[in-house]
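Student: Sequence:
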Amino acid sequence: MPFPIFFRFRGRTRHHTAHLSPVDGTRSRRDFVHDMLTRNAEAFSSDLDIQQVMLCFPDRF
Numbered sequence: 001m002p003f004p005i006f007f008r009f010r011g012r013t014r015h016h017t018a019h020l021s022p023v024d025g026t027r028s029r030r031d032f033v034h035d036m037l038t039r040n041a042e043a044f045s046s047d048l049d050i051q052q053v054m055l056c057f058p059d060r061f
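Each residue of the sequence shown is one higher than the one before, counting from 1 in the numbering used here.
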């Protein structure tokens with residue numbers, strides 16, 4: 001392992017939605033997006049902003 005520091009940037013490896021049913025997983029993702037849009041409406045101007053949130057919070061999607 002020549003560069004062990006890179007493994008710190010991997011983020012979480014466990015996904016908490018794995019034990020949920022597909023319906024519950026979809027519902028939790030939808031609720032998360034709805035909550036982000038409700039709390040920070042001025043931060044989102046297009047669908048590209050929502051895609052950026054999906055990249056920043058990969059454990060939620």
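The set of hints was computed from the structure by calculation and includes no laboratory data. It should be emphasised that the depicted structure is a prediction, and the values quoted were computed from it without experimental measurement. Where a beta carbon is used, it is the ideal one built from N, C-alpha and C, also for glycine. One or more hints might be untrue.
Computed beta-carbon distance windows for the label pairs [to be verified]:
(1) I50 <-> D24: 33 to 43 angstroms
(2) P22 <-> E42: 16 to 26 angstroms
(3) S21 <-> E42: 15 to 25 angstroms
(4) T26 <-> D47: 14 to 24 angstroms
(5) T26 <-> C56: 28 to 38 angstroms
(6) D49 <-> S28: 17 to 27 angstroms
(7) C56 <-> R27: 13 to 23 angstroms
(8) L37 <-> P58: 29 to 39 angstroms
(9) P22 <-> M54: 32 to 42 angstroms
(10) S21 <-> S46: 30 to 40 angstroms
(11) S21 <-> S45: 26 to 36 angstroms
Student: Does each hint fit the structure? Answer for all of them.
Tutor: Do the hints match the structure? See the list:
Range check, I50 to D24: Cβ separation about 21 angstroms, and the 33 to 43 angstroms hint is violated. For the pair P22 and E42, the beta carbons lie near 33 angstroms from each other, so the given range of 16 to 26 angstroms is not met. For the pair S21 and E42, the supplied restraint of 15 to 25 angstroms is violated, since their beta-carbon distance comes to about 34 angstroms. Hint check: T26 to D47, Cβ distance near 18 angstroms, so the stated range 14 to 24 angstroms holds.
Distance hint for T26 and C56: a CB-CB separation of about 20 angstroms, inconsistent with the stated range 28 to 38 angstroms. Evaluation of the 17 to 27 angstroms hint for D49 and S28 yields a pass: the beta carbon distance comes to about 20 angstroms. Here the CB-CB span from C56 to R27 is close to 21 angstroms, well matched to the stated 13 to 23 angstroms. Between L37 and P58 the beta carbons are some 18 angstroms apart, a value that contradicts the proposed interval 29 to 39 angstroms.
Between P22 and M54 the beta carbons are some 18 angstroms apart, a value that contradicts the proposed interval 32 to 42 angstroms. In this structure, S21 and S46 meet the distance hint of 30 to 40 angstroms, their C-beta atoms being roughly 32 angstroms apart. Checked against the hint of 26 to 36 angstroms, the C-beta distance between S21 and S45 comes to roughly 34 angstroms, which is consistent with it.
In this structure, the hints that do not hold are numbers 1, 2, 3, 5, 8 and 9, in rising order.
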